[in-house]
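Engineer: Sequence:
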Amino acid sequence: MTLRFIIGRAGVGKTRACLDAVRQELMARPDGPPLILLVPEQATFQTEYALASSAGMKGFIRAQVLSFRRLAYRVLLEVGGAARAHIGELGKRMVLRRLLEQRRENLKVFGRAAGQPGFADTLARTLGEMKTYCISPADLAAGLDTLRVQGVQSLLADKLEDLCLLYSELEAHLAGRFTDPDDYLSLLAGRLEKSAAIKDSEIWADGFIGFTPQEYQVLAALMRSSRRVNVTLCADLAAMSGSLNENDIFYPSRETYDILCEIAAREQVVVERPLSLEQKKGRFHNSSIAYLEKYFFRHPATPAKNAGDGVMLAAAASRRAEVEGVAREIIRLCRDQGYCYRDIVVLTRDLDAYDHLISVVFADHGIPVFVDRKRPVMSHPLVELVRSALEVVVKDWTYDPVFRYLKTDLVPLAREEVDLLENYVLAHGIRGSRWVDARPWEYRRRLTLEEDLEVSSTEARELEEINRIRRTATAALAGFHRAVRQAGNVREMTIALFNLLSELEVSEMLESWSRQAEARGLLEVAREHSQVWDMLTALLDQVVETLGEEALKPLDYAAVLDSGFESMRLGLIPPGLDQVVAGSLDRSRSPEARASFIMGVNEGVLPARITGQGVLSETEKECLQTIGLHLSPGVRRKVFDEQYLVYIALTRSSERLVLSYPLADDEGGANMPSPVIARVRELLPGVEERVWAVEPNTAGTEDMEFISNPDRCLSYLAAQIREAKAGRSLNTIWWDVYNWFARGERREECVRALSGLFYNNQEDRLAPGAAKLLYGQPLRTSVSGIEKFRSCPFAHFLSQGLRLRDRAVFRLGAPDLGQFFHAALKLYGDRVHEIGLDWGELSQKDCRKLAGEVVDYLAPRLQSEILLSSARRRYLTGKIKRTVQRAALVLSEHARRGKFRPVGLELSFGPEGELPAVIFILPDGGEMAVTGRIDRVDAARSDAGIYLRVIDYKSGRVTINLSDIFHGLKLQLLTYLEVAMRQADKLAGGPCLPGAVFYFSLDDPLIKTSGEIPPDEELEKRILRQMKMEGMLLADPAVVRMMDSGLSDASDLIPVRLKRDGGFAARSAVLTGQQFELLRAYLRLQLFSAGNDIINGVVDIAPYRQGNFRSCQHCLFRAVCQFDELVEGNAYRLISPVKKDVVWSKLAEILGGEHGE
1 MTLRFIIGRA
11 GVGKTRACLD
21 AVRQELMARP
31 DGPPLILLVP
41 EQATFQTEYA
51 LASSAGMKGF
61 IRAQVLSFRR
71 LAYRVLLEVG
81 GAARAHIGEL
91 GKRMVLRRLL
101 EQRRENLKVF
111 GRAAGQPGFA
121 DTLARTLGEM
131 KTYCISPADL
141 AAGLDTLRVQ
151 GVQSLLADKL
161 EDLCLLYSEL
171 EAHLAGRFTD
181 PDDYLSLLAG
191 RLEKSAAIKD
201 SEIWADGFIG
211 FTPQEYQVLA
221 ALMRSSRRVN
231 VTLCADLAAM
241 SGSLNENDIF
251 YPSRETYDIL
261 CEIAAREQVV
271 VERPLSLEQK
281 KGRFHNSSIA
291 YLEKYFFRHP
301 ATPAKNAGDG
311 VMLAAAASRR
321 AEVEGVAREI
331 IRLCRDQGYC
341 YRDIVVLTRD
351 LDAYDHLISV
361 VFADHGIPVF
371 VDRKRPVMSH
381 PLVELVRSAL
391 EVVVKDWTYD
401 PVFRYLKTDL
411 VPLAREEVDL
421 LENYVLAHGI
431 RGSRWVDARP
441 WEYRRRLTLE
451 EDLEVSSTEA
461 RELEEINRIR
471 RTATAALAGF
481 HRAVRQAGNV
491 REMTIALFNL
501 LSELEVSEML
511 ESWSRQAEAR
521 GLLEVAREHS
531 QVWDMLTALL
541 DQVVETLGEE
551 ALKPLDYAAV
561 LDSGFESMRL
571 GLIPPGLDQV
581 VAGSLDRSRS
591 PEARASFIMG
601 VNEGVLPARI
611 TGQGVLSETE
621 KECLQTIGLH
631 LSPGVRRKVF
641 DEQYLVYIAL
651 TRSSERLVLS
661 YPLADDEGGA
671 NMPSPVIARV
681 RELLPGVEER
691 VWAVEPNTAG
701 TEDMEFISNP
711 DRCLSYLAAQ
721 IREAKAGRSL
731 NTIWWDVYNW
741 FARGERREEC
751 VRALSGLFYN
761 NQEDRLAPGA
771 AKLLYGQPLR
781 TSVSGIEKFR
791 SCPFAHFLSQ
801 GLRLRDRAVF
811 RLGAPDLGQF
821 FHAALKLYGD
831 RVHEIGLDWG
841 ELSQKDCRKL
851 AGEVVDYLAP
861 RLQSEILLSS
871 ARRRYLTGKI
881 KRTVQRAALV
891 LSEHARRGKF
901 RPVGLELSFG
911 PEGELPAVIF
921 ILPDGGEMAV
931 TGRIDRVDAA
941 RSDAGIYLRV
951 IDYKSGRVTI
961 NLSDIFHGLK
971 LQLLTYLEVA
981 MRQADKLAGG
991 PCLPGAVFYF
1001 SLDDPLIKTS
1011 GEIPPDEELE
1021 KRILRQMKME
1031 GMLLADPAVV
1041 RMMDSGLSDA
1051 SDLIPVRLKR
1061 DGGFAARSAV
1071 LTGQQFELLR
1081 AYLRLQLFSA
1091 GNDIINGVVD
1101 IAPYRQGNFR
1111 SCQHCLFRAV
1121 CQFDELVEGN
1131 AYRLISPVKK
1141 DVVWSKLAEI
1151 LGGEHGE
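Residues 1 to 1157 (full-length UniProt numbering) make up the sequence shown, in order.
The set of hints was computed from the structure by calculation and includes no laboratory data. Where is the CB? At the ideal position from N, CA and C, for every residue including glycine. Possibly wrong hints are sitting among the right ones.
What the hints assert, rightly or not - Below are the BS3-like pairs computed for lysine-lysine, each with C-alpha atoms no more than 27 Å apart in a straight line:
id, residue 1, residue 2
1, Lys294, Lys638
2, Lys826, Lys845
3, Lys638, Lys621
4, Lys879, Lys954
5, Lys1028, Lys849
6, Lys199, Lys58
7, Lys553, Lys407
8, Lys826, Lys986
Claimed, not checked - Cβ-Cβ distance ranges computed for the label pairs, FRET-style:
id, residue 1, residue 2, range
9, Gln486, Arg434, 13 to 23 Å
10, Arg434, Arg874, 15 to 25 Å
11, Asp258, Val149, 26 to 36 Å
Just need the whole structure built from these sequences, with the hints factored in.
Structural biologist: If you want it as structure tokens, here you go:
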């Protein structure tokens, strides 16, 4: 029984000495006593691989590479102590949460924090730290007594009392039921001497900076049981004797040395003469790295006289520029200097900030990389399946969790089927019990509010398919939902969850995914799928063992599992032999690296800025040390440990060291380089320094640096040619790069990449004949389609040609309200006609009653009863009713004060309509049929003839002016007038004259008043004025009085004001008969011209801008057209208002006096 130290500075070959010693033993006696390499958990794979790949090794059974925790598991399996179920971190947190709730009133300090998120986790870490440092509840109680004997009645004493209570109850809860993994090493130390496997073994403990008290106990037991224990320490042999300042870089090693010597003396174990390894036999082949290793922490130190070229400092514009610079340098080393990827390691103190960037950037550069960190599982489909299934129960079949569940690909549905179901559910607002209703879904989205039509055969097939998909989607989930709701405790909930996973055959599916990933060479992904199932089942076992009989609500049960998922990490081994390893300085090991890249060498990052954590402050920990309770090192000691990590960073590689730092953070704030950079400059005055920019042509960069990987180089080439296109000078080397791509096998790829530089985001005309195939013959369109074309031809092409539509969603939008209002006023007019009354003969009470009945009748018929689907929407129905009632009252007032009466309501014109379409013969001989629906046509007779008035209902305030008509933006009212005039015989029994075109805004306006509320009469007048029709009417006083018989000044009903002489005031919206005819002729020209352009394939991306309004503002197709004013070829058509007199002169000029077709 002996103890031997293997001592040497970084890079001298301590690990190699251990491996060589094991190899020699194996070669000499393949079947002798065990040879155990004891290493940190994260180093087990690399060490085992290094041993197995040693020269002459063909296999072994004597040697074992173990971590302390794995050694404990092996020994306890052999001698007993591993039979009880172990409780993981999640289990302890759950127990602690329950204890905190139960003991809240008894806790002096922690009672207030007991319910705070994360406090149980912090408490679990503190108690785990106490176990690691061999502090029992009894030790805490003794320490508390000591404090009280000393007369200390402080916050610390109260904390100790709380900790003692919780710690004792935790141990009592676990006793006889569970084994705490934090106790494994203590159990190992107590039972190790019973192990036959350890007898006469030789131990090598390598790669440890220091040991915890539990680990010291295990080493003491190993000294008693094994033939020899070898411990490697990173230090000078001289540091092991004499006094040593605690600021010395090797002070932790000296501290470890002293403690182990004390243990050896206590155990009567002989300490052999240390094996001291010298630098001349070490790894450093580069004098600069060797100089840094020797003198970096020595003060004062003379700068190196002949600094080698193996060290480089690199300042980067950003983190991404830094990672891309590292990737380019790795490619250069492998391409030009014969390095393999496995010879290179990338390290950082802050791996969280670099993890994603390393994976993405290295993949872009074609560099195989393994990021050495444990992966979270929260985004894995299995975890998402469990979380969403529970959320379905908690939120009772709401949309989001149901489709998160279905989109995991673990439910036996194709993605296309899920998409089909999702569209149907969104369109009809399906949620809650309707998912599990025994009746089939037969919801249909109405296009009108008319009587139901029979279900067509196509609709029937679609509904049958939807119901088939729904049954498959809910088959397992419905049973799970029911079982969880009925479960009496956690055990029953967990059984329900496992039954769900079994019914879905999740385990088999994950095995299949793993095989597929392995076949595609995605070994990391394959191992993730393999591990996650075992981790989930272990978590469920832990939950049942810990909380099995607890009665939890589904929400709380889901929170428990979420806590477990957050703590679960996938530990993967490198999937390939030749790849770069990236990791954190405090975790990753790379003893054979030839080149190392240390990223993020910034102030506050390396060395890291240390802050205290946990329920005990640093001052409190120092106070506990004075009474014999030693916990983990405080902030001051951790600062020294950070210096040791700097030493590790500088000594990881044998030939090449690159230290890089970003000058800006992700938000653009300035980053300062670490003092490490200044120290390297001081020691190596000739050190190479570079600046890594985001792109070439940046000050301080060489373009040649960016010519490394073809994929990335192509993107750089595109950027350079863009700069040249803008008139900037271009390095000739980029033309060489261009020629290499253009003349090689990647020519097509180059053409695709560079074609975007000359893209002007404009569409050519459709091929001849394509428009006819797309729109059909005859071309059928509506006036709104023509207005859309005049607004932007490309938007018209997408909506009318390709028939793109926004996905139907169960919500009440402006189109739905507009549809409802139109249907309500149509039905109201029909009911008035049925009872044989004139609109003007109805009293206000009758108007309100009839309009209310109409709304009550139609409300359930709008979009799958959307108006009845929630309290908010039922309230909205009341507002809609008041609006329809107000519209009925105003229209009745028009009837009372005028002679115009409806001759048509909701008149459709077109092939299936009540009136024929407006037909135009286009230049190519084809036809264009303009179709649509007119809300209302009124007629009135006088001695001069029959006059027609067209009214269009609008749910918002709309105006019309001549300028918009001139530009073709508002043609709706004139088109409806044109249809009515052409069908005058059918509508009014003879030829007619144009009387007016109006917009009628549907509203129930609020009247603002100051002081006393005016009388009802005055209020009604104000309401009428606010609901005044907007449009244009004939400049004939007789016709005007047929619309407002009581008119003497300004009308409350129509946009007219009379002067004292009986003429029309300047702001009156009146037109002469000739002007009406001029507008009708211009309308026909506009419709004809637009139809001709449509059929000739005009699809320009040409939106307009008028003042502050842009026609793109509310366009559904912005993501399709990608209109951008910064892109060449994209510019708004500027439309300026045109004055009335200018409009009339231009119309006369355009039409040349010809007003006919």
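Engineer: So which hints don't hold here, by number, going up?
Structural biologist: As far as the earlier hints go, not one is violated by this structure.
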